[in-house]
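Required output: the full structure, derived from the provided sequences and hints.
Listed below, chain by chain, are the residues.
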Amino acid sequence: MKLMLHVAPGIVRYPLIASVILETSALVNIERASIDAVSGEIVLEVPSEKCTEVKEAFERRGVRVVPLEIPVIRDENECVHCGACISICPTATFRFEDWLLVADSGKCIQCGACVVGCPQRALKLVLK
Amino acid sequence: MDPVVQEKSLSEINERIRDGSARVVTAEEMPNLVQELGTAGAVREVDVVTTGTFGAMCSSGVFLNLGHSDPPIKILRARLNKVEAYGGIAAVDLFLGATQPSQDQGIEYGGAHVIEDLVAGKQIDVEAEGAGTDCYPQMELETALRLDDFNQATMVNPRNAYQRYNAATNSSDRTLHTYMGTLLPRCGNIHYSGAGVLSPLSNDPNLDYIGVGTRIFLAGAKGYVIGSGTQHNPQNNFSTLMVTGDLKKMSTKFLRAATFHKYGPSLYLGIGIPIPVLNETVARNTAVRDRDITVPVIDYGIPRRDRPSLKIVSYEDLKSGLIDLNGKEVPASSLSSFHVAREVAKNLKEMVEKGEFLLSQAVEPLSRIGNSRPMKQTKESPNVGDVMSRDVVTVGEDIHVEKAAKLIVSGSFDHLPVVSKDGRLIGIITAWDISKAVASGKPARISEIMTKRVYSAMLDEPIELAARTLDTHSISALPVVDRDNKVIGMITSNHLSRLLARRQ
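Protein chains in written order, with our numbering: chain W, 1 to 128; chain Y, 1001 to 1504.
Please keep in mind that the hints were generated in silico from the structure rather than gathered at the bench. Just to be clear, a hint being listed does not mean it is correct.
Claimed, not checked - In the DMTMM-like style, the derived pairs of lysine to aspartate or glutamate whose C-alpha atoms are separated by at most 20 Å in a straight line are:
#1 Y:K1486 - Y:D1391
#2 Y:K1262 - Y:D1299
#3 Y:K1253 - W:E78
#4 W:K124 - Y:E1108
#5 Y:K1346 - W:E97
#6 Y:K1122 - W:E78
#7 Y:K1253 - W:D98
#8 Y:K1319 - W:E97
#9 Y:K1452 - Y:E1397
#10 Y:K1122 - Y:D1104
#11 Y:K1311 - Y:D1324
#12 Y:K1122 - Y:D1246
#13 Y:K1452 - Y:E1380
#14 Y:K1082 - Y:E1127
#15 Y:K1248 - Y:D1125
#16 Y:K1249 - Y:D1148
#17 Y:K1403 - Y:E1448
#18 Y:K1346 - W:D98
#19 Y:K1319 - W:D98
#20 Y:K1253 - W:D75
#21 Y:K1354 - Y:E1015
#22 Y:K1082 - Y:E1129
#23 Y:K1406 - Y:E1448
#24 Y:K1074 - Y:D1134
#25 Y:K1253 - W:E76
Structural data, given as structure tokens:
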């Protein structure tokens, strides 16, 4: 399960992830992180059995946590099943099944590479 | 007894199409049939093989006739939904090219999008400026038109349906946005285009059937081959077609506008050609498989016309989704759609089976020899070696910041390339790096403060490329290196601006 963390100004300098890992002993994987001087947006992969615990631990620390259930949506009317999104996705979200494009949304880390890489502009990130 | 030569005439095949008895298969089904029945058996059993392709065909456009206004106008310049169309043809004829960007939305909406909107039945805004003559006094005009409102909307595409297309990768260390899509750094992916087994021209590689006047499926309409396409290069199996068709009869199922990020608009088109199985040669050619069609994987990391090929691969390799490049498994995916290519071939198959699509005898064969020569460039553009300064001062990585500062001051330049003991480029420091080190109060060795990811230029590189490197990375100087990465000069934004000033 992937969690999107929105880290507010004021706490972005604290070792939030490290302290949550120590508290929950969850084997989290940082899939994407964009942090600037005042805020941060981090995508974590968390084992599903630890998901609620990790989510609550972050929330106690003031982090807004959004589970990424459907991180990327594909417009069926626009998609022509070309496959331009397949090889540019760092987490192999897309694949062909008998030359029809299939998305395994659970793998998406919202990096956005496919959104600009799609020639038909058929992909959009679900922003929360 | 002599072996029976299996041959049929085109009129026999058309007769069967008319009476609904023609046996039609797609080019995807044909290879196994030929394997099973042999070429002679396939000629007996199959009358027509339908092909199909659906991909980006940039070299496409539409002639539009607007009809005459009152008072009449001789259009000089015209914009359709803010996309400029060429008006230098008579009074109210326009040519709208697929890759023309719009004035308001840039490459996100271009000529291809106007064409798709027209086919989708949408109304488009037309703005025109007139020449103002005695016979055409109107100077300006605004109107809104749908596809039906044009007298004619005739698609004429100079170069479509490439027989096969080079695959693309990128060995450089930054992401490239190209007409072959997003190419990740350090050969992170491969993109390819073309339908392989279904490709019309790969099923008639010697142009035995496809010729001038051949009736084709063009985006849902019946179209025709006008002749060989631009850059037609049959000697190297890169044949192309110039085609035409009536836009009013096309369908958005097979005509889609696209935008390649940071590149431009393009038009995805579905093209299919039915090939009559007249003899065993045709049967053999239409039995082509993905594994028989090979293309080079070209390195777009080299921004020159003659980009190196890293490997020869087949469409079977490409469609597997993984290509081994120097021991690394690289994900490969297509930009064209095999799914829609199949739809084209299937649609065409149904049209032929129902007697709605007859095959045609070419008026003239297409040329077996083509031209895809490089451009003759008459205006010499200088290379980096012509404008760089050769008296470049380099330093070793173990000198101190203070010494580097003195060198910069005495030499009156801003950049010091740092080289290894054998003279190879390993870093660069600028006056700014030194100021920063001094300001932080930690005088250090050069190796601690230098930029290690250093961009450089080659002696024989056109200055346009060096200028683009400077611009892309927001830097002001590039060390010039030889093939061994040894520093032989320096090119700066000053050199380039001086050159520009002299030209003007």
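For each hint, the structure was consulted:
{"no.": "1", "hint": "Y:K1486 - Y:D1391", "verdict": "holds (14 Å)"}
{"no.": "2", "hint": "Y:K1262 - Y:D1299", "verdict": "holds (18 Å)"}
{"no.": "3", "hint": "Y:K1253 - W:E78", "verdict": "holds (10 Å)"}
{"no.": "4", "hint": "W:K124 - Y:E1108", "verdict": "holds (15 Å)"}
{"no.": "5", "hint": "Y:K1346 - W:E97", "verdict": "holds (19 Å)"}
{"no.": "6", "hint": "Y:K1122 - W:E78", "verdict": "holds (16 Å)"}
{"no.": "7", "hint": "Y:K1253 - W:D98", "verdict": "holds (19 Å)"}
{"no.": "8", "hint": "Y:K1319 - W:E97", "verdict": "holds (12 Å)"}
{"no.": "9", "hint": "Y:K1452 - Y:E1397", "verdict": "holds (11 Å)"}
{"no.": "10", "hint": "Y:K1122 - Y:D1104", "verdict": "holds (19 Å)"}
{"no.": "11", "hint": "Y:K1311 - Y:D1324", "verdict": "holds (9 Å)"}
{"no.": "12", "hint": "Y:K1122 - Y:D1246", "verdict": "holds (17 Å)"}
{"no.": "13", "hint": "Y:K1452 - Y:E1380", "verdict": "violated (34 Å)"}
{"no.": "14", "hint": "Y:K1082 - Y:E1127", "verdict": "holds (8 Å)"}
{"no.": "15", "hint": "Y:K1248 - Y:D1125", "verdict": "holds (18 Å)"}
{"no.": "16", "hint": "Y:K1249 - Y:D1148", "verdict": "holds (11 Å)"}
{"no.": "17", "hint": "Y:K1403 - Y:E1448", "verdict": "holds (14 Å)"}
{"no.": "18", "hint": "Y:K1346 - W:D98", "verdict": "holds (15 Å)"}
{"no.": "19", "hint": "Y:K1319 - W:D98", "verdict": "holds (11 Å)"}
{"no.": "20", "hint": "Y:K1253 - W:D75", "verdict": "holds (15 Å)"}
{"no.": "21", "hint": "Y:K1354 - Y:E1015", "verdict": "holds (12 Å)"}
{"no.": "22", "hint": "Y:K1082 - Y:E1129", "verdict": "holds (13 Å)"}
{"no.": "23", "hint": "Y:K1406 - Y:E1448", "verdict": "holds (18 Å)"}
{"no.": "24", "hint": "Y:K1074 - Y:D1134", "verdict": "holds (10 Å)"}
{"no.": "25", "hint": "Y:K1253 - W:E76", "verdict": "holds (12 Å)"}
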